[in-house]
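Enquirer: Let chain A serve as the given structure and place chain B on it in line with the hints.
Protein sequence lines correspond, in order, to chains A and B.
In terms of our numbering, the first sequence has 284 at position 283, counting the first letter as 1, and numbering is strictly consecutive.
In terms of our numbering, the second sequence has 115 at position 8, counting the first letter as 1, and numbering is strictly consecutive.
Treat the hints with care, since some could be wrong.
[Stated by the list, open to error] Sample of chain A residues facing chain B (criterion: CB under 10 Å; computed from the structure):
1. 79
2. 84
3. 101
4. 102
5. 115
6. 155
7. 267
Calculated directly from the structure, the hints in this document are not laboratory data.
Think of the CB as a built atom: it goes at the ideal place given N, C-alpha and C, for glycine as much as any other residue.
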Amino acid sequence: MALRKQNTDLRSVRDGLHMETQRLQSGYAALRNDQERALAEVRGDAEAETKDVLKAWMRSLQVLADQQQRSISDLAKLKYGNDPQILADLMTIDHTNSQFGRRAQGIAALCGGWLGRRETAASVYDVARSATGRVKHYDRVKIHNQVSVHVTATAVEPVAVVLAELLDNATNYSAPGTPVEINIQPVPTGICLIVDDAGLGISQEEKDRASALLNPQAPVSITSLGNPPRVGFAVAGVLSDRYGFKVSVDSVSPYGGVRAVILLPESLLTNEAPEPVTDTPADTGTPEVAPRVAAVPAPVSIIGTTAGGLPKRRRAVAVVPPPSVSESEQEPERDSELTASRLGAFARVALRERDTTTTEGSEDQ
Amino acid sequence: MTTHGEDATVSSELVRSYVITGGRRLPSSDDLSLHTLVTLAPDRELPLGASPEVRAIWDLCSGGYLAVAEVAAHLGLPVGVARLLLSDLAEQGHLLRRAAPPPAQAVDRDLIEKVLYGLQSRFA
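Next comes chain A alone, as it looks inside the complex (with noise of 0.2 Å):
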């Protein structure tokens, strides 16, 4: 009898003993959760706070990069266009600004920033050929279909970066020498760029990390990207999610490597060529420098945009100037001084040199 008193009781405190470690477990459990909120809310806090930081900052960078373009583009059409050497040179400078800025704009996507925003639409082929020109080994990247499909102004930029990303992978992991090629292909739903290369494919693990990152469920960490970061698909997730399009790296190419593929939904496409940008430069001829026969402006009419947002313009006639023509027909100058200058210096020697080639009869190759 007292000995089953005694069992009660022990159970009783056994089970008292239980309960008081559920509480305990409890207790700690929520403790800890409280600890982990408090450090995810402080992690998250101050990746915001770097993010922000280095939004910032990128910002910065992508405006020089943008200006530095501006003054190669700059130096290699009015100043060292007609020297090779030279020219080759600034084309070496360009090439590492472009890839220099393209990182700029990949952090500054990464970090909810903004790209920089294009004035006008551009060709599916310009934009694939504005990404190829990111990329370290642009020379082995070929483009293959042009469409005369055109991104949206908006598009232009994020698309370009994304693109540039996948092939940058591509020509990476890839053999030197080996090719990369873009497709543009018109699906249903819009247009695909399709990126293949001759490389090893990636495994399993590298697919899943790239869906994963492709189509992002949250902001991406940054610090989560290794060091050295690598930051390609992080890139193209977040850009594809902001912007609505498709990115994806899961087939196999044709040459066994990885198959890339951006599908660009109708939204994001339009047919219209963008309108020009500047108005029709006249040319100028002076009656100093070709006082027998003026220049004269020949009609032009513009035909579209070049790759670089420029219009390009048809010769309505043949460029034959007529034996006499009066000063005063020329049209007056309309655009910057620059052009006009530039264009009628090429125009004076285009036609002293017709003075002197006519005398001496034609020496067509």
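Expert: The following block gives chain B in isolation, referenced to the frame of chain A:
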């Protein structure tokens, strides 16, 4: 993803010139000089897969002779880049060119004086 603030405009050229040349070696400036005149050869077909720049040259040069410098200015390309594209077309036989004339020689004063003297003594 939150974004705030205005997006800055990017105004540099979208397609860089080294992509247009494909990183190929640029021809010497002696080959197609600034004032060499070029035009399309008659009855030529635009090559398949021609780049937008080549198509622009095709349009520009179909109307008569233009100086190399003019072609470059119209395309908005550095002269060296336009020269490479033009020399490609010339190699493929699509382009006629008219070489730059030799620079005018300074007149030999002695010779002119001798001629004048000769003429005067013959006809005066």
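Enquirer: Are the hints correct? Go through all of them and say.
Expert: So, going through the hints one by one against the coordinates:
1. With its C-beta approaching chain B no nearer than about 9 Å, residue 79 of chain A sits inside the 10 Å limit, and its interface hint holds.
2. At its closest, the beta carbon of residue 84 of chain A sits 7 Å from a beta carbon of chain B; the interface hint therefore holds under the 10 Å criterion.
3. Given hint, residue 101 of chain A at the interface with chain B, is violated; its Cβ is 13 Å from that chain's nearest Cβ, farther than 10 Å.
4. A least Cβ separation of about 8 Å between residue 102 of chain A and chain B falls short of the 10 Å threshold, and the interface hint therefore holds.
5. With a least beta-carbon distance of about 4 Å to chain B, the hint placing residue 115 of chain A at the interface is held under the 10 Å criterion.
6. Interface hint at residue 155 of chain A: satisfied, since its Cβ lies 9 Å from the closest Cβ of chain B, which is below the 10 Å cut-off.
7. The closest approach between the C-beta of residue 267 of chain A and any C-beta of chain B is roughly 22 Å, which is over the 10 Å cut-off, so the hint fails.
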